[in-house]
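Asks: Here are the chains, one letter per residue:
There are 2 protein chains.
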Amino acid sequence: MRILVALGGNAILQHQEKGTAEEQFVNVRTACKHLVEIIEQGHRVTITHGNGPQVGDILLKDELAKDTLPPMPLDVCGAESQGMIGYMIQQSLRNELQKAGVSSQVATVLTEMVVDASDQAFKFPTKPIGPFYTSTEASHIREERGWILVEDSGRGYRRVVPSPRPQTVLQAQVIRELTDAGIIVIAAGGGGVPVVSTEDGFKGIEAVIDKDLSAAVLGGLISAEVLLILTDVRNVFLNYGLPNQTPLGRVTSEECRRYLEEGQFASGSMRPKMEAVVNFLGAGGERAIITRLQDAKDALDGTAGTTVVP
Amino acid sequence: MRILVALGGNAILQHQEKGTAEEQFVNVRTACKHLVEIIEQGHRVTITHGNGPQVGDILLKDELAKDTLPPMPLDVCGAESQGMIGYMIQQSLRNELQKAGVSSQVATVLTEMVVDASDQAFKFPTKPIGPFYTSTEASHIREERGWILVEDSGRGYRRVVPSPRPQTVLQAQVIRELTDAGIIVIAAGGGGVPVVSTEDGFKGIEAVIDKDLSAAVLGGLISAEVLLILTDVRNVFLNYGLPNQTPLGRVTSEECRRYLEEGQFASGSMRPKMEAVVNFLGAGGERAIITRLQDAKDALDGTAGTTVVP
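Chains as they are written, first to last, in this note's numbering: chain A, 2 to 311; chain B, 2 to 311.
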């Protein structure tokens, strides 16, 4: 089977960690061991990943250095994070594959994701990114840089940026070519670098794209049969956090659509994942799974996780 | 013809510039217009590039933010710079190709370059990188981080790191596959991320690799016929800077080897380029050219630049 794996940010860097390269390599290596279990079974795997903590650190470094060096725009920071994380995954995965006696090649393809300039998200930026500011700092930044900042959960003010819907991948042919040749491709990291069509061609834009929605788009473009979203919970829950919470086992896309309409899933958390699942199955995917890294293999065998079918 | 183009750092960021993304995109767009002139003639082009100013800025940002966030090791910073620069080149080149009516695909492949752990360079680090420090700061850093710092041209102290010889590219098969499919690949940026073989597989190492020497290695691996090194001078000179300086037109690899032995070329400048040329021709290359961006097309036609043949 052709499987698109979407690795959650926690597979690379955990919240309580400092963010050293050593910590990230340790986490990535663990994630790769689980991926090898899947690849060993003969599946063709393509990998995408989140970049939240990494691009957050890049933005914070830019901020701390801003009196000395010009900060980079979000598209460039996203490209940097794809280089950084792609490197860590490709190196670790190749090493783990070699230990397991699997000779597959691994490559990271820097990915641009097309978004629509008329996407409503550009009118209503909602995605908080980068460091926290005090109220005074926030006022200055609004004037100086024209950013939109909002109060974020009592911890201070943060910049919010648009999170438009991913449309298509500019490097789709390249990724497909490599996947067809049996190469494990790492692509669309952090949801891909957001670009919009202009008179002068495609240009980067200040936005971030949800990595699971991007995974669904990429999965469709490479004709993946399975979308495997790896996060930090074993199952998706109905009525999550309530006394009657229920784990979802095997459900249909239609049922998921109804749960989404009921507002079952938290936005910024399980909601975009479930939307990605519904999109992927709507575009011809055969199966979508949401589970934890350590249950990925069992979930593919149908004995763990939440599985959604058309 | 299959041409490996090595873009100098000045094609992306000039010394007197601040380093904003806008400046870099303007420079890269200009470079890409010249590359399109070559691609339009039907040549198959693969691109590599320097990363000096960009990785310098990444290191300086890490330094300025070090009390808040852990600095990244050199291999990770190199991977970040490949993402950043690869993105700028692939986007600009695709747009310029489209304007010229050429439909070629462009893709950046994150590249790891194998170096030999027993390379003499690890005993004698010589390549200055990152910010300048005062004598007191330098003493502290030597103790705290075990770095080697040397006085650099009266401007302060700088870290020096090993610059080992590139041996081979871990992504060679991938780059070759894409090149064969007619895709313009951007690879081995900044000379590639340096990795050494260990018991646990290939691991990153604190070093930098000369991008022209890496270009020669990559050129050999993809069977490029021409190595085109683009820098800021129209020709290589003999007796450079002396009253009897002479531009080199068409010379043989044998003559170059003799000039290298005579110490004709400045180390850290023209010397590694000429060594790259000799290596490339020794590995089966048909022609190597050193010239400026704006003379690249004429140099390929044999009417400009310094051309070296076996």
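Because the hints were derived from the structure by calculation, they are not lab data. A few of these clues could be false.
The list makes no distinction among identical chains, and a pair is therefore deemed to hold if it is satisfied within one copy or across any two copies.
What the hints assert, rightly or not - Straight-line Cα separation of at most 25 angstroms, DSS-like style, residue types lysine-lysine; simulated pairs:
id	residue 1	residue 2
1	K67	K19
2	K204	K100
3	K67	K100
4	K100	K128
5	K298	K67
6	K19	K100
7	K298	K124
Asks: Are the hints correct? Go through all of them and say.
Replies: Outcome of the hint check:
| no. | hint | in the structure |
| --- | --- | --- |
| 1 | K67 to K19 | both (22 angstroms within a copy, 12 angstroms between copies) |
| 2 | K204 to K100 | between (41 angstroms within a copy, 14 angstroms between copies) |
| 3 | K67 to K100 | neither (44 angstroms within a copy, 35 angstroms between copies) |
| 4 | K100 to K128 | neither (40 angstroms within a copy, 34 angstroms between copies) |
| 5 | K298 to K67 | neither (45 angstroms within a copy, 40 angstroms between copies) |
| 6 | K19 to K100 | neither (29 angstroms within a copy, 46 angstroms between copies) |
| 7 | K298 to K124 | neither (41 angstroms within a copy, 46 angstroms between copies) |
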